[in-house]
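Listed here are the chains, written in short residue letters.
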Amino acid sequence: MHEAMVAESLLAAISNEAEKQGGKPILAKVSCGTLNAINDDVLCFAFEAIATGTLCEGMTLEVIHRPMQGKCKSCGGQFGFDIFNPRCPDCSESDFELLPDAPLLLETIEFETG
Amino acid sequence: MRKKIDVRKKILSANEEYALQNKHFMARHNKLCLNMISSPGSGKTTILAGTINRLKGKVRIGVIEGDIKTDIDAEKIRAAGAPAIQIETQGACHLSAQQVNKVLKNLPTANLDVIFIENVGNLVCPSAFELGETAKVAVLSVAEGDDKVVKYPALFAKAKVLLINKIDLLEAVGQVDFDIEKVKADAHRLNSSIEIFQVSAKTGQGFDKWCDWLVKAVESL
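One line per chain: the protein sequences are V and H, in this order.
Residue numbering for the first sequence follows this note's numbering, starting at 521 and increasing by one per position.
Residue numbering for the second sequence follows this note's numbering, starting at 831 and increasing by one per position.
Quick caveat, the hints were computed from the structure, so don't treat them as lab data.
Just to be clear, a hint being listed does not mean it is correct.
[Stated by the list, open to error] Incomplete in silico selection of chain H near chain V, CB under 10 Å:
#: 1; residue: Met831
#: 2; residue: Gln920
#: 3; residue: Ala922
#: 4; residue: Asn952
#: 5; residue: Asp976
#: 6; residue: Val980
#: 7; residue: Lys990
#: 8; residue: Ala1002
#: 9; residue: Gly1004
#: 10; residue: Val1006
#: 11; residue: Arg1019
#: 12; residue: Ser1022
#: 13; residue: Ile1026
#: 14; residue: Phe1027
#: 15; residue: Trp1043
[What the hints assert, rightly or not] In silico DSBU-like links for lysine-lysine, alpha-carbon gap of 30 Å or less:
#: 16; chain 1: V; residue 1: Lys593; chain 2: H; residue 2: Lys906
#: 17; chain 1: H; residue 1: Lys1046; chain 2: V; residue 2: Lys540
#: 18; chain 1: V; residue 1: Lys549; chain 2: H; residue 2: Lys833
#: 19; chain 1: H; residue 1: Lys906; chain 2: H; residue 2: Lys935
#: 20; chain 1: V; residue 1: Lys540; chain 2: H; residue 2: Lys833
#: 21; chain 1: H; residue 1: Lys981; chain 2: V; residue 2: Lys591
#: 22; chain 1: V; residue 1: Lys591; chain 2: H; residue 2: Lys840
#: 23; chain 1: V; residue 1: Lys593; chain 2: H; residue 2: Lys988
#: 24; chain 1: H; residue 1: Lys1014; chain 2: V; residue 2: Lys549
#: 25; chain 1: H; residue 1: Lys935; chain 2: V; residue 2: Lys591
#: 26; chain 1: H; residue 1: Lys1012; chain 2: H; residue 2: Lys1032
#: 27; chain 1: H; residue 1: Lys1012; chain 2: H; residue 2: Lys981
#: 28; chain 1: V; residue 1: Lys544; chain 2: H; residue 2: Lys886
#: 29; chain 1: H; residue 1: Lys906; chain 2: V; residue 2: Lys549
#: 30; chain 1: V; residue 1: Lys593; chain 2: H; residue 2: Lys990
#: 31; chain 1: H; residue 1: Lys1032; chain 2: V; residue 2: Lys593
#: 32; chain 1: H; residue 1: Lys1014; chain 2: V; residue 2: Lys593
#: 33; chain 1: V; residue 1: Lys544; chain 2: H; residue 2: Lys840
Built from N, CA and C at the ideal position, the CB exists for glycine as well.
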C-alpha cells in the first residue's frame, strides 16, 4: 500500500499549485512506469480518503501507465517489454536491452477558476 | 472557466530529497549502504547475523532495522555483535528516506564500513522508495516459489544483488519445488547485471562468495 504515501505527496503538490493558481482542482493526470507498481484503484481510493475536507475533495485522478520499453539489439526496434514473452515483436529476437523505467510524474492539473 | 496547467513534477520528491541527503552522507563518510528487501520470513536477519559473524575483524557492519512492530531483529543483530538501530514503522509497509535520515546519527558510523538497512518484509512497496542506498540487495527464499521474480518484477529489476536463500531445502528431496535456473533466467532478463548468490543462512552454504562480493564492494568504495 505504498500508494498511500504517493497519494499524500500528490495531495501536497496539487494543493500547492491550487494555491498559486487560485482555482479549484478538478482533474489531475499522473504518469508512472512499470516499476512504480501503482494500482489505479488503490491510489484513487487513498487520494479520495485524504483529500476529504481539502480543496482537492471530489477531484478526479487519472493514471497513465507507461510500460517498460525494450530496445532490440538485432533490429534496433523499440517495444513494450513483456516478461512472459521477452522478445522483439518485429524480428522475434530475444537479445535486447531494457530502457530506463518511466518516473512517477504529476503531469497536468485542470482547475475551475473564476 | 477551466484552466489546465503543465506541472511535470516528480511525485515523492520529498522522499527523494531525504534519500539524496542520505546518499551524500554515505559518500561523505565513505560508507557502503545496502538496502535489503524481501518478503517476510525469507531470512534477511539470519543472513545478516551470519554475514556479521563471518566478517568479524574484516568488515565492520552496522544495521538499521525496519519492522512494523518490535525490536526483535535489532536484538538478533546486537547478539551477533554489531550495532543496530530499530525503526518501528507502526503500520507502514516500507521504510522512508526520512525515517532513515533521522536515525543515521544514532549509528556509530565512524567505526563502520557497511550500513545495512533491513527493510520491512514486503516484496512490493519498499522497492518504490529510494533510501539513499548504494545498492539494493534482494532476498528470495526457495520456499516462496520460483514464480516470484516475474510476479514482482520491480525489486528484481532494481537490485544489484539477489541472494537465493534456504538452498539447503532444495537438497532435501521433495521438500520444495523450486527451479533455480528459471529464477536466475527471469532475473537476468529483467536485469542483465544482477549478481546472484545461492546461500543457506542456516548452514552457511554459499556465504564465501557472498562475503567475498561484500569485501570487494567495500574495498572499491
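Which hints from the list above does the structure break, by number from lowest to highest? Checked against the structure, the hints that fail are numbers 2, 5, 7, 8, 9, 10, 13, 14, 15, 16, 17, 24, 25, 28, 29, 31, while the rest are satisfied.
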